[in-house]
Each structure stands twice: as C-alpha cells, then as structure tokens.
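In order, the protein sequence lines correspond to chains F and Y. Following the numbering used here, the numbering of the first sequence begins with 1 at its first residue and continues without gaps. Following the numbering used here, the numbering of the second sequence begins with 1 at its first residue and continues without gaps.
Since the hints were made in silico from the structure, they are not lab data. Warning: the hint list may mix true and false statements.
Selected chain Y positions facing chain F (Cβ under 10 Å, derived; list incomplete) [unchecked claim]:
#1 M55
#2 G115
#3 L205
#4 I214
#5 H255
#6 N260
Glycine is no exception: its CB is placed at the ideal position from the N, C-alpha and C atoms.
Now for the letters of each chain:
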Amino acid sequence: MRKRTLLALAAATALMSAGTALAQDKTKACFIYVGPIGDFGWSYQHHQGALEMQEELGGEDKVEIAYLESVPEGADAERAIERFARSGCNIVFTTSFGYMDATNKVAAKFPDVKFEHATGFKREHPNVATYNSKFHEGRYVQGVIAASLSEKGVAGYIASFPIPEVVMGINSFVLGAQSVDPDFKVKVVWANTWFDPGKEADAAKVLIDQGVDIITQHTDSTAPMQVAHERGIKAFGQASDMIKFGPETQLTSIVDDWGPYYAKRGKAVMDGTWEQVDVWGGMADGHVVMAPYTNMPDDVKKLAEETQDKITSGELNPFAGPINKQDGSEWLKEGEVADDGTLLGMNFYVEGVDDQLPQ
Amino acid sequence: MGMAEAILLTIATAATPLLLAAIGELVVERSGVLNLGVEGMMLMGAVVAFGMAYMTGNAWFGVLAGAIAGMLFSLFFGFLALTLVTNQVATGLALTLLGIGLSGMIGEAFVGQPGVKLGALDIPVLTDIPLVGRLLFGQDPMFYISLLLTAGVMWFLFRTRAGLTLRSVGDSHSSAHALGIKVIAIRYMAVMFGGFCAGLAGAQLSLVYTTQWIENMTAGRGWIALALVVFASWRPWRVLAGAYLFGAITIAQLHIQATNLGDLAGLPGPLYWLAGLVKAVPSQFLSSLPYLATIVVLVLISRNRRLTMMNTPASLGRPFVPDR
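All chains, please: the whole structure from these sequences, using the hints.
In structure tokens, the structure reads:
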C-alpha cells in the first residue's frame with residue numbers, strides 16, 4: 001500500500017518534470033490587448049506583430065503565443081497580467097498606456113518574468129522595459145500631403161484624448177502642413193473616446209459640414225474613413241492600412257509595425273540576453289511604416305516620399321527649430337531640436353494651431 | 001446643402017437609434033418589466049442585420065433580420081425573467097453581457113467587410129424643395145420608421161383597449177390577474193416588442209449610421225436609451241423629445257469644437273467675445289453635456305414626488321407569480 005503511494009508519487013514527479021522540460025523548450029510570449037484584435041487598428045497591429053515574431057523565431061514549435069483581448073485599463077488589467085505571469089509566460093507585452101501601473105505592480109511579484117509595456121514611461125523594476133514608436137513622424141508626412149492637396153486649406157482632425165501622444169501628433173501634422181502652406185488651418189475635434197464608431201462618424205460629418213476637405217484621425221475605428229468616402233473627400237487611415245475601407249479615399253496611413261521589435265525581444269529572452277530598455281523607434285528603425293501613397297497626383301506623391309526619406313535618414317526632424325508655441329512665445333531656437341522628454345510630456349500647441357487645448 | 005440643414009440631418013441620424021431602442025423599452029417598462037439588456041439586444045440586431053444585408057446584398061432583409069434577432073434574443077430574457085421568475089435586473093445585465101460576447105463571436109467574419117447601406121429616400125420633386133425637402137422627404141427609412149413607431153406606441157398605449165390592458169398589468173399585476181388578464185402573456189409580448197425595437201436600433205447603427213460591423217459598436221447607446229425612458233417619465237412623446245435633445249447636444253458640441261475662433265473673426269465684438277467664452281469650455285465637459293442634461297432633467301422631474309409616482313408603472317421590476 002505504502003509502496004504504491006510512493007510509486008505514484010514518483011510517477012507524478014516524473015510527469016511534472018517532463019512537463020517543465022517541455023515548457024522550457026518553448027518560449028511563451030503573452031500579449032494583453034486593449035481592444036479586439038479585429039479592430040483593424042491598434043490592437044490588430046500588435047497581434048500582427050505577435051504573429052510575425054512567432055514566425056520569425058521558428059514557428060509554433062519554438063514560440064507559444066497567448067493573448068487576451070479587450071482588457072480594460074486599470075484594476076482588471078492587473079489580474080489579467082498576473083494570470084499570465086503565473087501561467088508560465090516568459091515575457092508579457094502589455095500594449096496600452098493605461099496598463100502602466102498594473103504592469104509595474106505585477107513585475108515586482110514575478111522577477112523572473114520579463115515585462116514590456118507599450119507607450120509608457122515607468123520602469124520601476126529591472127524586469128520592465130518600455131517601447132513606443134514615433135508616430136508623429138508619419139503625421140508630419142500626412143500634414144505635407146494635406147496641405148498640398150487641400151483646395152480649401154483646412155483639414156479636420158478627429159482626436160481622442162488630450163494626452164502628449166495625441167498633442168504631439170497634432171503639432172507634427174500642423175508643422176508638416178505649414179511647411180507647404182504657412183496659412184494652412186486645422187480644425188480639431190476631441191471625441192474623448194478611443195473607439196466609438198458612431199461618434200467618430202458624427203465628428204467626421206460635422207467637420208465636413210464645416211468645410212474641411214481632408215480628414216485625419218487619432219481614434220481607432222474605420223468609421224471616419226467611411227464617412228469621408230461617402231462625402232467624396234480624402235482621408236488618412238489610422239494605425240493600420242485601411243485602404244479596404246476607402247479604396248478611393250485613403251491617401252496613406254501610419255502603420256504600426258511592431259513585428260521586428262517583438263522578434264528582437266523574443267529572441268533576447270530565448271538567448272537569455274534580455275535587458276531593460278526604453279525604446280522609441282521611428283521610421284529609421286522600421287517601427288513606423290507608411291501605407292502606399294494612393295489617390296494623389298504624382299508630384300504630391302513624390303513630395304511625400306521625399307519627406308519620408310528625409311525623416312528616415314535623419315535629415316529632417318519634425319520638431320526642429322525655429323518653432324514657436326501657440327501664444328507666439330519661443331519654444332525652439334534655430335538649430336535646436338526638441339528632446340524626447342519634452343515631446344513625451346507635450347501639453348502645448350505650436351504656433352498656427354487654432355484650437356484651445358483641453359487641459 | 002445649407003449648414004442648418006446639414007446639422008439637422010446629422011442630429012436625426014444620431015437620435016434615431018436612441019429613439020428606436022427607448023420607445024421599445026418604454027412599452028416593456030409600461031408592462032411592469034425592467035429589461036436592462038437593451039445594449040445586448042441592440043448589438044445582436046446590429047450584427048445580424050449587417051450579416052444578412054452583407055450576404056443577400058439587400059439592406060431591407062438586414063433590417064428585418066436584425067429586428068427579428070433582437071426579438072428572439074429578448075425571448076431568452078422573457079423565459080428567464082417571466083417564466084422562471086429570475087431577478088429582472090440581474091437577468092437584464094446578463095443579457096447585455098451575453099449580447100456583447102455573442103455578437104462579437106457571430107460577427108467575427110464580418111469585421112472589416114464592406115456593408116450595404118440603407119440609402120436615403122429620394123423623391124424627385126419633394127426632396128428638392130429648398131430648406132425642408134431633404135429633412136422631410138430625403139432621409140433614411142429608419143428615420144421614418146422610428147417616428148411612425150413612436151406615434152403608433154402613443155396611440156396604442158393611450159387610445160386602445162389593449163394599451164389600457166398593458167398599462168394596467170404594469171401598474172398592478174395582481175389586480176389585472178384578478179380581472180382575468182393574462183399577465184405573463186402580455187408581458188411576453190411587451191418584452192418581444194422591446195427586443196424588436198432594439199433590434200431595429202441595432203440595424204440602424206450597422207446599416208445607416210456607420211455601415212459596418214465592429215465589435216461593441218453600440219458604445220453605450222443602449223444604456224442611454226434606458227436612461228431616456230426614465231428621463232421621459234414613461235411618456236412616448238417625451239422619449240422623442242429626449243432622444244432629439246440628446247442627439248442635438250452631441251452634434252452641437254462637435255460643431256462648437258470644430259468652429260475655430262479664427263473662423264469667427266468677422267463677428268461683432270460682444271458675439272465674438274461670447275464665442276471665445278464658449279470655446280474656452282473644455283471639450284471633456286462638452287462631451288459629457290448630454291449625460292449631464294439627462295441627470296439635470298431627472299433631478300427636476302423627481303423633485304415632484306407625486307408626479308413621479310403617478311407616471312412610474314407601479315409594478316415595474318416586480319416579479320409576478322400567479323396564485324391560481
């Protein structure tokens with residue numbers, strides 16, 4: 001009787017260790033998404049990046065991927081992240097700004113698990129890294145295109161929340177536009193949501209009724225593109241290539257390409273060389289990719305490509321002086337370039353934006 | 001198209017789904033049942049309407065399928081809350097959660113597919129009448145359906161015997177039962193009508209408002225519809241007014257945001273100053289205005305307790321178990 005129990009125990013232990021050995025062969029990468037992977041925007045692109053990483057690192061035999069969709073930012077996120085950390089994930093990617101504190105909290109409890117937080121700035125523990133992309137570089141190119149194409153000299157901008165990321169985008173767009181047409185105007189509408197197709201559509205309709213002939217958005221649904229298509233004006237996509245929703249409407253789109261970064265970080269975990277980093281990659285690093293330039297004349301397309309090349313090569317920086325703040329006071333002198341810290345905390349408009357920034 | 005006309009058209013599109021969902025829920029609540037599952041039923045309506053229109057290429061099939069889907073989904077609530085006498089609040093919430101999940105699952109294949117738009121009417125001479133032509137004769141069919149339904153509900157509730165019966169069930173199910181009225185059967189029909197209307201509201205969202213299916217695309221409109229019913233103190237015409245007030249504030253605040261002070265440079269001094277004052281209001285506040293307005297009206301209404309009591313269906317949310 002007793003012998004049998006011991007035997008069973010041994011068998012169980014053997015089984016368990018076999019299980020562990022199996023798990024160690026594979027690297028498990030886990031992802032927390034703020035929206036559905038079918039949003040064709042932000043979360044969709046992160047998931048594409050995850051799949052690209054898996055393929056890059058040897059497919060399903062080498063890398064196991066787990067993900068949770070539509071995880072609300074805040075307290076719920078902490079439980080989701082902790083569940084992943086407990087379930088044997090080697091590395092956890094939390095892909096929205098609002099997961100910042102939850103990520104750091106869970107990281108404290110699981111020092112052996114690596115955590116990567118997108119768009120945040122808190123790295124309270126050695127096992128937390130942060131990464132982000134310079135989307136504003138793409139918005140500068142969009143501004144150049146908008147000012148070259150617009151007949152009325154006004155573009156509509158559907159914004160989500162007045163956080164630095166979004167403010168930076170508006171400023172960059174305006175600077176790009178004014179490099180072509182110094183009198184170019186932008187009408188900004190704050191939707192105060194990342195995702196509400198109805199409201200985003202309403203905002204687009206309102207902007208068009210008020211006379212804009214180009215629309216750009218920093219909200220996540222494809223609704224504005226569709227309204228632009230119905231009303232026969234042009235628009236820019238958001239976060240992913242939205243050409244399918246406006247084949248005759250989309251000029252280009254800023255595509256977030258997370259694949260190369262995810263592959264690099266996954267590889268580092270496999271090799272045991274993972275280290276804390278704070279990465280802010282732009283066009284030069286392949287993080288920010290522009291969808292094909294469509295629905296525009298060749299000269300505008302050429303100008304857009306040139307602008308993109310200049311930004312990629314580092315010849316052009318959207319935030320290079322001289323730039324004044326909205327009230328006319330000096331921000332950057334000739335030859336000065338904005339530092340990352342100021343940009344990542346940007347809470348003011350540059351000169352030429354005719355809108356009050358909600359504080 | 002003039003600016004005023006454009007604004008009114010946008011308001012009508014924004015108000016229609018609220019009106020449709022709220023007028024259905026009003027009938028449900030008038031019969032004494034509180035169904036908090038409006039959001040879930042709307043989503044089911046939206047996804048089925050989109051799918052049907054996408055597969056058949058005909059938006060009208062979509063509208064019909066959406067309404068029926070909402071109705072069938074509400075039957076599920078009816079079975080639990082009326083036949084099995086579960087807690088109505090909990091069951092309604094569960095229906096919303098189920099609707100969000102189920103519609104997301106059904107709609108997975110439809111995400112990112114081009115939809116079929118239920119086009120606006122275009123009656124040759126009438127639609128071209130300046131100013132009012134487009135507003136009266138050139139809107140999408142759902143706009144007219146929502147108004148007809150509202151008028152129909154008003155007539156049914158207060159001008160027909162059946163309506164009186166329904167209201168009596170909502171006010172005192174025991175008395176109604178004692179009079180030989182089939183309380184449960186009537187409540188079932190009311191719940192199904194509510195589901196039908198919520199399904200229509202969903203169809204409007206995925207076939208008219210944005211012509212696409214996206215997970216959770218109602219974005220809280222079902223809850224606003226529920227608030228509207230209370231806001232309207234269970235009166236159909238007030239639901240109509242409330243839905244349009246809500247739509248108007250939503251659109252107006254977007255217009256205020258989109259109007260830059262630079263555009264108004266030609267205005268006389270005091271007006272320009274006033275515009276500056278309005279523009280200084282943060283957009284977060286403007287965005288929350290529709291909700292604030294709802295709360296303010298609710299407070300004003302509930303100040304007069306006697307009036308509130310008079311309008312509220314007395315048996316609202318109370319389970320009914322017939323004692324033979």
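Please flag the earlier hints that this structure goes against, numbers listed from lowest up.
Failing hint: just 1.
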